[in-house]
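If you're matching them up, the sequences are chains A and B in order.
Heads up: the first sequence begins at -5 in the working numbering, then just goes up one per residue.
Heads up: the second sequence begins at 7 in the working numbering, then just goes up one per residue.
Keep in mind the hints are simulated off the structure, nothing from the lab.
For every residue, glycine included, the Cβ atom is placed at its ideal position computed from N, Cα and C.
Careful, some of the hints might be misleading.
Simulated crosslink set (BS3-like; lysine-lysine; CA at most 25 angstroms straight-line) [what the hints assert, rightly or not]:
no.: 1; chain 1: A; residue 1: Lys115; chain 2: B; residue 2: Lys202
no.: 2; chain 1: B; residue 1: Lys202; chain 2: B; residue 2: Lys391
no.: 3; chain 1: A; residue 1: Lys429; chain 2: A; residue 2: Lys378
no.: 4; chain 1: A; residue 1: Lys54; chain 2: A; residue 2: Lys79
no.: 5; chain 1: B; residue 1: Lys138; chain 2: A; residue 2: Lys83
no.: 6; chain 1: B; residue 1: Lys52; chain 2: A; residue 2: Lys54
no.: 7; chain 1: B; residue 1: Lys163; chain 2: A; residue 2: Lys69
no.: 8; chain 1: B; residue 1: Lys391; chain 2: A; residue 2: Lys75
no.: 9; chain 1: A; residue 1: Lys345; chain 2: A; residue 2: Lys429
Examples of chain B residues toward chain A, derived with CB under 7 angstroms [stated by the list, open to error]:
no.: 10; residue: Tyr54
no.: 11; residue: Gly95
no.: 12; residue: Asp102
no.: 13; residue: Ala107
no.: 14; residue: Val108
no.: 15; residue: Ile155
no.: 16; residue: Pro238
no.: 17; residue: Lys391
no.: 18; residue: Ile431
no.: 19; residue: Ile453
no.: 20; residue: Gly455
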Amino acid sequence: MMNHEELVDLVVEEAIRNGAEDVAALGSLQKTRMVRFYNNKISVIKAWRNSGISIMIGLKERKFVSSFNEISPEKLIGSVKELIKLGEKSKPNYDYVPLPKGPFNYIERDHKEDLAYLSGKDLVEYAEIAIERALKEGAKRVAGTLICNSEDIALKTSANVFVKDNTSSLETFVRAFVEKESSGQGISCSTTLKNFKPEIAGLEAAKIAKMTKNPKTFQSGRYNVIFGPCIFANLMNNVMEAASAFNVDAGLSFLNNEIGSNIASPNFTIVDDGTAKDGLNSRIFDDEGTPTKRTIVIGHGKLKNLLHNTSTAKKFKTYSTGNAGWISPSAWNIIIENGAYEENELFKELKNGLYITNNWYTRFQDYRNGDFSTVCRDGIFEIKNGEIITSVKNIRISDNFPRILKSIGAISNNRYWIRWWEVATPTLTPYALVKDIGITKSVF
Amino acid sequence: MEDIARYALNYALSHGANYAEVRLQRDNGSAALLKNGNPEVSSLIKNYGIGIRVLAHGSMGFASTNILDRENVSECILEAISMAKSVSGRLRKNIDFSSNAVSNEKWNVTTKVDVNSIGFDEKFELLLDIEKATISSCNDFKMPNRLFIIESEETEKIFLNSEGSFVQSSVPRVSFTYILTAYKAGKGTAQRFNQKGETKGWEVTNEWNLINFVADETRILGKILKQAVAPPKDDRLDILLGSEVVGIICHESCGHPFEADRIIGREAAEAGESFISPEMLGQKIGSDVVTVVDDPTLPNSYGFYLYDDEGVKARRRDLIKNGFINTFLHNRETAIEFEVETNGSSRSEAYNKEPIIRMANTYMDPGDYKLNELLEGISYGIFMKNFMEWNIDDKRFNQRYVGLEAYEIIKGELKKLIRNPILEITTPALYSSVDAVGKDLSFNAAICGKGDPQQGVPVWTGGPSIRVRKMRLGGLP
Chain A
-5 MMNHEELVDL VVEEAIRNGA EDVAALGSLQ KTRMVRFYNN KISVIKAWRN
45 SGISIMIGLK ERKFVSSFNE ISPEKLIGSV KELIKLGEKS KPNYDYVPLP
95 KGPFNYIERD HKEDLAYLSG KDLVEYAEIA IERALKEGAK RVAGTLICNS
145 EDIALKTSAN VFVKDNTSSL ETFVRAFVEK ESSGQGISCS TTLKNFKPEI
195 AGLEAAKIAK MTKNPKTFQS GRYNVIFGPC IFANLMNNVM EAASAFNVDA
245 GLSFLNNEIG SNIASPNFTI VDDGTAKDGL NSRIFDDEGT PTKRTIVIGH
295 GKLKNLLHNT STAKKFKTYS TGNAGWISPS AWNIIIENGA YEENELFKEL
345 KNGLYITNNW YTRFQDYRNG DFSTVCRDGI FEIKNGEIIT SVKNIRISDN
395 FPRILKSIGA ISNNRYWIRW WEVATPTLTP YALVKDIGIT KSVF
Chain B
7 MEDIARYALN YALSHGANYA EVRLQRDNGS AALLKNGNPE VSSLIKNYGI
57 GIRVLAHGSM GFASTNILDR ENVSECILEA ISMAKSVSGR LRKNIDFSSN
107 AVSNEKWNVT TKVDVNSIGF DEKFELLLDI EKATISSCND FKMPNRLFII
157 ESEETEKIFL NSEGSFVQSS VPRVSFTYIL TAYKAGKGTA QRFNQKGETK
207 GWEVTNEWNL INFVADETRI LGKILKQAVA PPKDDRLDIL LGSEVVGIIC
257 HESCGHPFEA DRIIGREAAE AGESFISPEM LGQKIGSDVV TVVDDPTLPN
307 SYGFYLYDDE GVKARRRDLI KNGFINTFLH NRETAIEFEV ETNGSSRSEA
357 YNKEPIIRMA NTYMDPGDYK LNELLEGISY GIFMKNFMEW NIDDKRFNQR
407 YVGLEAYEII KGELKKLIRN PILEITTPAL YSSVDAVGKD LSFNAAICGK
457 GDPQQGVPVW TGGPSIRVRK MRLGGLP
């Protein structure tokens, strides 16, 4: 059987032979294992082995894409021919830009660890460690997921790019319950076994759950809020989706200001970094072959860059930031610069308000103006004079993203990698204090 | 196609599985995306692979691959079985399935126009006609952002299990998604996001009359932008909810909390649990006029199927009947735990996803009222015809819907457009306050997300208009 590097070579050559002017083929071989658990028991074990070729073809300014997962040479040749035959009848894309010309200099990441060597038994043991630690800390019920992923990727383009990389990660998120309405979440995710700490995820989840016993309802209004890493990562994922130039062009972004505008607090800086050494989603090249890099999106409160592929870059009269996506550019790893505050100092700075640990279900009323709401989940705490006085339940953040960005106050110096079901792009995030957050609840 | 499925089944059974099922799935289709009038990209959809689920050593394992040689399929199955075996005794959940009749069926949905006979050119021509109609429907406002996506696809499946079931199916689906952003200086923006979808051939795009439909949507969005005023501050008012809002309510606060896997906690770490407990079966949760149904067998519905992904015959489920909690959504895993029969609610997004409990087409059963009769009974209130923003907590108890096209009602008549009225309310309070249900049943298409890895499956959400008494609008004071 041909490997994925040979397959991308075959696909690109076949596409050119059939008249394609621009071709990019991204091949991957992926091995993923997952352990899911709930009520302190392991509920299902999953294992995937997938190999596939994604392809983008440019022909007479028409742009068409596909993913092939029947990967015998005969099937691939047939699929390429079918795609070109169909694609020729497509309509011209007036924003079409040819693929960037290589060769490029790629900077290899060091200290890469391929976690595929971990056995299924090892992964089950790590899940059991997380469950046991949460139970030892006082949790009554523990649920969660552990994922081990390993992927080899190769890209070949008709513009003189032939490059490969590999990524690997080990992640778990744990939700512990003490009572029906008392829950907490802990996360550990890493690109190395050494930094993967399932026991810390279990401990953190149980600690928060214990603190949320007997939660009270709360009054709607505006409050100063400390956001824990999970919720801040979710909110910042939405900011970075808004930073995709495709979304700005489609009206799906509140970051439609001039580059250089003051759009956030001066102490706030958010960056995309495809080269981050410990980034779960780092890769040395994007889908067009452009080397990935560190791109400041908001620097000290100013909008510095959007995220671009070559097509959006041309439209916005700038350069690709190495974030392709053949259709839409997107972030690799989100990095929020740390602040100067110890976490306990942040609570003293807040004095009175709320500390919210987690959220889910963020939805927009209007992507362009940034009006949205999101439901708070797990530990929510009322703070008085810098101390937690009670836990709170059943509240929702109802606010506006541009307003929140301008209201970020103190930021912690410690940061944490977060990725879980509600945080798709890995995010290195601190705790953050944000002023006058709109809090609402059910009226009946 | 069938050979590798039979091989996988036999291999799993001869290597430690005491139950095995195999799904071979092939998806073929294409999509076109038009952004701001520009044919951005067209895509060919081609997926093919195998998913194998086993019960072994008291645990459940799922393995999947698209590399369909016997050696690789065998290795994949062995990995799932050996991981299942390695679960220590104390943390093992001894899983079993409810018994179910053996199915042997071939079914498909016939089409007038094959979904795969339509080229990218025809797809873009339709989208460009919609684009033209949209632009020409903007009179004194602008529509700076338009995103249109049309997709057609056919899914072929073979399911077989170690109990002797064999189900083969072929299902075509067509969907149309649009996002419109209207703008006027001094008024800001207003957005509309919506989807149409059916299990049908390409002929459905004519039945939808998309050009006129989107033109109407454009004109209404412009009116909302220009004319809508802030919601009233009245303490108590009645709310008339349109079909689109009723559909999302039934999906979010009835369908999801009635999923038995949530009730037992299986989805606790991700999609969450449920405020419903098994003992609540038979309890009153809504007024007498409230009956909420989930029915996969509605012809041409977006969530249509005749056999689920455990090979179980599909059927209508009355989740809430005349205000009482009537039944939950089950697969074979939860059915045995609840000591009931499965009601065929197991679905999987693709060959590489574990089948789990899902809704199909969830809606409120229609009543006897005409729309004008529902209105006549309101002296002061709000008609929330559709919505943009919505969410609900992970127990499915506290929910929020923010209206888009919404009107003030005075003495039974529609008056001013109202900007973004908010209904923020608990599930029992909402269902208990419904006093009248309309005749005007209609449906909307959506993709519902759940599971890990997350799976998006096609569903319909629907209902008639309903009247909800003595409400208060939510939001910030």
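Cross-check of the supplied hints:
1. Lys115/A - Lys202/B: Not satisfied, since the Cα-Cα distance of roughly 45 angstroms exceeds 25 angstroms.
2. Lys202/B - Lys391/B: The hint holds at about 17 angstroms.
3. Lys429/A - Lys378/A: holds, 15 angstroms
4. Lys54/A - Lys79/A: The hint holds at about 13 angstroms.
5. Lys138/B - Lys83/A: Satisfied, since the Cα-Cα distance of roughly 21 angstroms is no more than 25 angstroms.
6. Lys52/B - Lys54/A: Holds. Lys52/B to Lys54/A sits at ~24 angstroms (cutoff 25 angstroms).
7. Lys163/B - Lys69/A: With a Cα-Cα distance of about 20 angstroms, the restraint between Lys163/B and Lys69/A holds, given a limit of 25 angstroms.
8. Lys391/B - Lys75/A: violated, 47 angstroms
9. Lys345/A - Lys429/A: holds, 12 angstroms
10. Tyr54: holds, 5 angstroms
11. Gly95: Violated, about 11 angstroms.
12. Asp102: violated, 13 angstroms
13. Ala107: Cβ of Ala107/B sits 25 angstroms from chain A, so the hint is violated.
14. Val108: violated, 24 angstroms
15. Ile155: Violated. Min distance 11 angstroms.
16. Pro238: Check failed: Cβ of Pro238/B comes no nearer than 14 angstroms to chain A, outside 7 angstroms.
17. Lys391: violated, 15 angstroms
18. Ile431: Ile431/B check passes; min Cβ-Cβ to chain A is 5 angstroms, inside 7 angstroms.
19. Ile453: Given a least distance of 14 angstroms, the restraint on Ile453/B is violated.
20. Gly455: With a minimum Cβ separation of about 10 angstroms from chain A (threshold 7 angstroms), the hint on Gly455/B is violated.
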